[in-house]
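**Q** With these hints in hand, go ahead and build the complete structure from the sequences.
These protein sequence lines map, in sequence, to chains W and U.
Just so you know, we're using our numbering here: the first sequence kicks off at 22 and counts up by one.
Just so you know, we're using our numbering here: the second sequence kicks off at -6 and counts up by one.
Hints listed in this document are in silico derivations from the structure and should not be mistaken for laboratory results.
You may find that some hints are simply not true.
Below, in silico cross-link-like pairs of lysine-lysine (DSSO-like), each with a Cα-Cα straight-line distance of 30 Å or less [unchecked claim]: (1) K142/U to K347/U; (2) K149/U to K347/U; (3) K465/U to K(-3)/U; (4) K246/W to K347/U; (5) K246/W to K(-3)/U; (6) K149/U to K83/U; (7) K246/W to K465/U; (8) K142/U to K83/U; (9) K246/W to K83/U; (10) K142/U to K246/W; (11) K83/U to K347/U; (12) K465/U to K425/U; (13) K89/U to K149/U; (14) K347/U to K465/U.
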Amino acid sequence: MTDQNTASFAITQANALTCGLFLLSSFGIVAARQVLASIRIFVLQSLFLAASALLLGIHHASLHLYLVSAITIVTKCCIIPYVLARLVGQEQYACRELSQALNIPFSLLVAMILSIFAYYIASPLLVAGGNVFARLNLPVGLAGLLLGALALGTRREAIPQVMGILGMENGAFLAGISIAPDLPLMAELAAAFDVLILAVVLGFLARHIHQSLGSTEVGLMADLKEE
Amino acid sequence: MDLKLFLLIPVVVAILSLIPFPLAFIRSATLTGGLICLGLAAEISREVISSSGPVYSGSWLFCDGLGAIIILLVAFVGVTASIFSWGYIKDSTSPKGVLQVRRYYTLFNLFLFSMYAIPLLRHLGLIWVAVEMTTLMSAFLVGFGDTPKALEAAWKYVILTCMGAAVALFGILLLYWARRLSGPGPFTWQGLISSPTPMSPAIVRVAFILILVGLGTKVGLVPLHTWLPDAHSQAPSPVCALLSGVETTTVLYIILRLIPILSRLPSVHSDTWFMGAGLLSAGVAAFLLLQVRDYKRLFAFSTIEHMGIILFAAGLYGTEAGFGTMYQVISHAMTKSFCFLAAGTVLTAVGTRKIDSVRGLARAAPVAGAALIFGALAIAGAPPFAVFIGEFSIIRAGLSTGHFIATGLLAAFIVLAFCGIMTRVNRMVFGKPDENDGKGPKTLPVSNLAALIIAGIPVILLGLYVPEPIQKLIGLAASAIWR
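**A** Dropping the structure here:
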C-alpha cells in the first residue's frame, strides 16, 4: 500500500466515524430532555458537519470545502447559540423537562425507522453514481433531514423546534458536501447568512411569544383553526 | 437594461425607511420605488419581447418571458399594496409606534427585494436562498399585529416553510449532483436543460419529489398547507395581497421551471405528480372552503385551490395547457391581491373578520361591499372575469388531452369553491344590516379607494381583452416551458 492510499484510507475511515457521530447527534436532537441540551447537541452536530467538510476538503485538496468548514464553525457553533441565548433569555434556558407530543422512547423508535428508510431511499441513488464519501454522507444526511423533521413535529417548545429546522439543514449540507462539493462559494456564503437570519428571526419571534404569552411553549398556541 | 436595479431599488428604499425621516417621506419613497420598478418591469418586458429570448445581465441575473411576467406581477402588486398601506398602517405619535411603522416599511421593501430575486437569479443555489429570504423577511409582517394570534400565525409560517425549504435544499443538491454526473456545465435553468447526456432519472426523481414537497409547502399545496390560512388571515391586508397574490406565485415559478427538465425524463412521471398534487390541493381546499367563518381565511383557502388548479394545468404538458396555466397565474395574482385589499377595506369598515357578524355591507359600507362582491365574483370564476377564462381554457385543455375523469373532478371542485365563496359573500354583502352595533360607517382613507381602483383595472381588463405585449409574453413563457 502506498502512502497516498493509506492517507486516503485514513480519511475515509475518519469520515465514516464523523458521519456515525453525526447520525448519533441527530438522534440526540430528537431525544434531548432539556432546552440547553438540545442546543448543545446541535452545536456538536454542526462540529461533526464541519469535521466532515474538513476531511473531504483534505481529500479533494479543495480550499472551498475548508471554507465551508470554517463558515459552519463560525455561524453554527458560535454565533447561533450566542444569538439565541441573548434573545431568548435565561429562564427558557433553565434545565427542565420538555413537553413532547410523543414520549421519548417512542420518538427514538420512529427515528430508527426513519434512518432505515433514509438508507432505503439513498441506496438506488448511489447505484447511479457516487464516490466513497457520498455512500456515507448521502444516507446519513437524509437521515439527519428526516430526524430534524421528526424533532420539529414532536417538540412543543420553541427553541427545540428551531433546533429541529437547523438540524434538517445540517443534514442537507452533510449530503451536499459529498455530492455537490464544488457549489459556487457565493451560494454557500448566502446559505450561511440565511441560516443566521433564520436563527435571529425565530429567536425574535420566540421572544415576542414569550412576552405576550408568558411561555415559549408554541405547541399550546392553537387558536387558529376551523371550528 | 441592468437587471440589478430591481434588487438595488428595494434595498435602497428599505435603508431609507430606517433613517428617521418623517413617515410620509418613507411612505412616498416606498411608493416611488414601487412605481420605478413597475416602469422597469415594463421596459424589461419590452426588451424580452423584442429579442424574443432571455435578457442577461452579468453572470448571475437573467430575465425571459416567464420571468418578465412574474416581475410585472410582483411590481404591480407591490405598487397597489404600498398605496393601500398608506392609510392602513396608521400613523402613530408614540415613538414605539413610529418605530413599528418604520420596521413595517423596511421589511415590506426587503420582502419585495426577495421576490424580485427569485425570477431574476440564474443559479439554483441562490434561488433557494431567495426563497428562504421571502419567508424570513415577511415573518414579522405576518406577526405585525403582535397579538397572540398573529404571533401564532407567524411562528407556524416560519417553522413550516423553513422546514419545507430544508427539504427543497436537499432536492436542489441532489439535482446538482445529477447535473454534475451528466457532464460539465453551469447549474442554471439553461444548464439543466442542455446537459450533454441525460441526467440519471433515479436521482432526478427523488430530487423532484423533495423539491415539490419542499417548495409545495411554501406554495400551500396540501397536506403541508396548514400554515397558509393562518398567515394569510392574520397578516395586515396589504401584506396578505403580497403573500397570497405574488409570493405563492414566485415560488410556483420555480416548480414551473422544472417542467422542461422533467419532460425530457418520462420515467420520472412528473406529469402524474403534478396533476395528482394539484387535484388534491384543489379538492381539499374546495371542501375546507365550505366551513370557514373568517372571510380572510375564505380567500386564503381559495389561494390553495388556485395553486392546485395551476399545478394541475402545468402537469398537462401541452402548449395549449401552457397558455391556460400562464393566463391563470396572471389572473390569480391580480384577482387575489384585489380580493385581499377588498377584505382589508371591509375590515376597516366593520372591524371584524367573522363572516357571521357582517350583514348588509351594501347599505352599511357601500364601497367595501361593492369591492368585496366584485372580488369574490372575480376570484370564484364568474364570467367575464379573467379567472373564468383561465379556468375555462384549462378545462378545455384537459378534455382535449383526454384526461376526462381528472378534469371532471377539477371542474367539480371549481364549482364547489364557487358556491362556497359566493354563499358567504352574498350573506355579507346583501341582506339587512345589524342595527344594534350603534357605530356609524367609518370613512375610508383615500389611499384605500385608490388602491382598490388601480388593482381592479386589470381584473376587469384581462377578462375582456388581453393586451398584445402580455399575449406575447405568455406565448414566450409557454413555448419555453411546455415545448
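**Q** Next, verify each hint and record whether it holds.
**A** Cross-check of the supplied hints:
| no. | hint | verdict |
| --- | --- | --- |
| 1 | K142/U to K347/U | holds, 15 Å |
| 2 | K149/U to K347/U | holds, 22 Å |
| 3 | K465/U to K(-3)/U | holds, 24 Å |
| 4 | K246/W to K347/U | holds, 13 Å |
| 5 | K246/W to K(-3)/U | violated, 42 Å |
| 6 | K149/U to K83/U | holds, 26 Å |
| 7 | K246/W to K465/U | violated, 43 Å |
| 8 | K142/U to K83/U | holds, 20 Å |
| 9 | K246/W to K83/U | holds, 28 Å |
| 10 | K142/U to K246/W | holds, 11 Å |
| 11 | K83/U to K347/U | holds, 22 Å |
| 12 | K465/U to K425/U | violated, 47 Å |
| 13 | K89/U to K149/U | holds, 26 Å |
| 14 | K347/U to K465/U | violated, 42 Å |
Taken one by one, the earlier hints fail for this structure at numbers 5, 7, 12 and 14, listed in ascending order.
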